[in-house]
Amino acid sequence: MGRRQRILKTGMVVFLCFFAIFYVFPYVWMMAMSFKPDGEIYSVNIFPREPTWEQYKRLAFGYQFGPQYNLQYKYGAYYRNTIIVTVLSLVLVLFFDALAAYTFAKFKFRGKTVLFWTMIGTMMLPIYATIIPAFWLFSKLHLVNTYQAIILPAVVDAYGIFLLKQYMETIPDELLDAAKVDGAGAFRRFWQIVLPLSRPALGTLAIFRFIFVWNDYLWPLVMLRQESMYTLTIGIAQMQMRQGMVVWGVQMAASVLATVPVIILVMVMQRQFISGLMAGVFKA
Amino acid sequence: MTVADTSQQRREATWSRLWEKLTPYVFISPFFLGFLAFMLIPIAFSIFLSLARWDGMRAIEFAGLQNFIDLFQDKRFWNAFRVTMLITVTCTIVGPAGSLFLAVLLDKAGERIAGWLRAIFFLPSVTSAVVITYIWKQLYSADYGYFNAFLQQLGLPVQQWLNDPKLVVPAIMVMLIWAGLGWDALIFSAGLKTIPEELYDQAKIDGAGDWAEFWHVTFPLLRPCLLFVLVTSVIFLLGIFAQIQLMTDGGPMHVSENLSLYLYQSGFQYHKFGYASAIAVVLTIMMVVGSWLNFRFVRLEV
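From first to last, the protein sequence lines stand for chains A and B. Counting from 1 along the first sequence, just add 119 to a position and that's the residue number in our numbering. Counting from 1 along the second sequence, just add 66 to a position and that's the residue number in our numbering.
Since the hints were made in silico from the structure, they are not lab data. We put the beta carbon where it would ideally sit given N, CA and C, even for glycine. Treat the hints with care, as some may be off.
[Said to hold, decoys possible] Stretch-level coverage of chain B by chain A, calculated; a stretch enters the list once three of its residues show a Cβ under 8 Å from a Cβ in chain A: (1) 102-109; (2) 336-349.
[Said to hold, decoys possible] Only pairs whose alpha carbons sit at most 30 Å apart, straight line, appear in this in silico DSS-like list of lysine-lysine: (3) B/259 / B/270; (4) B/203 / B/141; (5) B/87 / A/231; (6) B/338 / A/259.
Here chain A stands alone, though its shape is the one from the complex (with noise of 0.2 Å):
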């Protein structure tokens, strides 16, 4: 390429490279912060000079602030929590989502175009539309407080359904059509070809919801009402919000604690994320 070229393109990766510091820089920062010790949180530099497992320890054992107060945190709950709203609404989502997905897609019946129309409409409305009425459904049922508060709600994923169906229509009927010429009933047909054809789709969805239950803030924040109960995120806004203690510490790494699987996960499943992502945009 062109010698004009050249430099244009080297610009742009510096400017692209210089970019990303703003990016990396609030990760590593929070990590580094979860490493330092009490009296260097408020000091410049970065990096501290004394690391230390302190911030961590406290969230396992209690932060000891003078002689009689042990402030502890149920951290240990949070993570529990979390991983049990996540998985079961996960496991929930995929297998009803897939389950009604392949019904649009595959099944003709009355109302088909009514309910589907209705369900897209519904994509658009905000959370706030539904979380007074669910919040009084839930206290009337007295399952405030509940896992079932969380994770039933999850279920009902407009979004999902309208990928999965996108990705199962591409399953050839003649598929289907041969299974059903052998005697392969309705569920058997799901279950042995369409669910397992449609994987990547399914891996696609998965992710997103993990990352979104995982990540959830209000409607954990509207229907939990005991530490004991809380997820990741409300357990870690409330640590700022206890009478007002040095807490930045233990905070940033409560946060590291709960951020790095979230990482992890998107960077192990990266292709399949993005390849789901784009897909989506394009049906959508």
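Starting from the known structure of chain A, fit chain B onto it as the hints suggest.
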């Protein structure tokens, strides 16, 4: 073959035909029940609540349009409306424009580096808004935040980023734009990849420079992507909550309070669920109108 056999077979055939007809309904019912219970009925109930007064404990009293009348006379509502519009419009213009620019640069930068860079820019999208907000809250800290430290190095006066009424909303917007760039850039990158090389080659043969190439080849073909990015940005920005609540809780003195925060406080702190539902109705209408406007705007660029 006896008569009993054939009627047995006929019964089995009827059952299996019945099952065939019922299958789609059975398969769709779990989703549909959930959809009814957590989407349709709540939406209807929200609308009903917006026309009523309820504190969550006593009976629901029907109040007609009173909530909306009160809302439109409420200074705090209009303030929140203004903040919401400011954040949404500004970030929807700057964000996608910046992402598009970024995506174009990435496209020209060579695949290997671009892959790593895209992942880096994407980090905020997989990070909880809670974590992002607290990191930025510290960066903006008046006493020991890095932004002020940087200003001090340059000999410039230190700023009260989160306490100065003039600076707090822009400060939040910078964080929002930073956080959203990677996601949108990824979508644009996907769009850019679908543009066939031949079109660029043809443009070069026709003597088009870089800018003309962008404007006449790239931009028109990115229109579906642009629409998607704009619509999702508007919907997302109209409803941001954690970022505002945790950064400033609407402060100082409601200067940075947006409609979602006002909605949340009206409902879950002041227990005025009818009023909060009215705000929810307004927000929903804003989202629908916002989406519609984007559809018109992007189409018009023929």
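Right, here's what the structure says about each hint:
Counting residues of the segment 102-109 of chain B whose beta-carbon sits less than 8 Å from any beta-carbon of chain A gives 7, enough to reach three: the coverage restraint holds. With 7 residues having a Cβ less than 8 Å from any Cβ of chain A, the segment 336-349 of chain B passes the three-residue criterion, so the hint holds. Only pairs whose Cα atoms come within 30 Å are accepted, and residue 259 of chain B paired with residue 270 of chain B is accepted, the gap being roughly 18 Å. About 28 Å separates the Cα atoms of residue 203 of chain B and residue 141 of chain B, which keeps this hinted pair within 30 Å; it holds.
For the suggested pair residue 87 of chain B and residue 231 of chain A, the alpha carbons sit about 13 Å apart, so the restraint of at most 30 Å is met. A C-alpha spacing of about 18 Å is found between residue 338 of chain B and residue 259 of chain A, which places the hinted pair at or below 30 Å, so the restraint holds.
The structure is consistent with each of the numbered hints, conforming to all of them.
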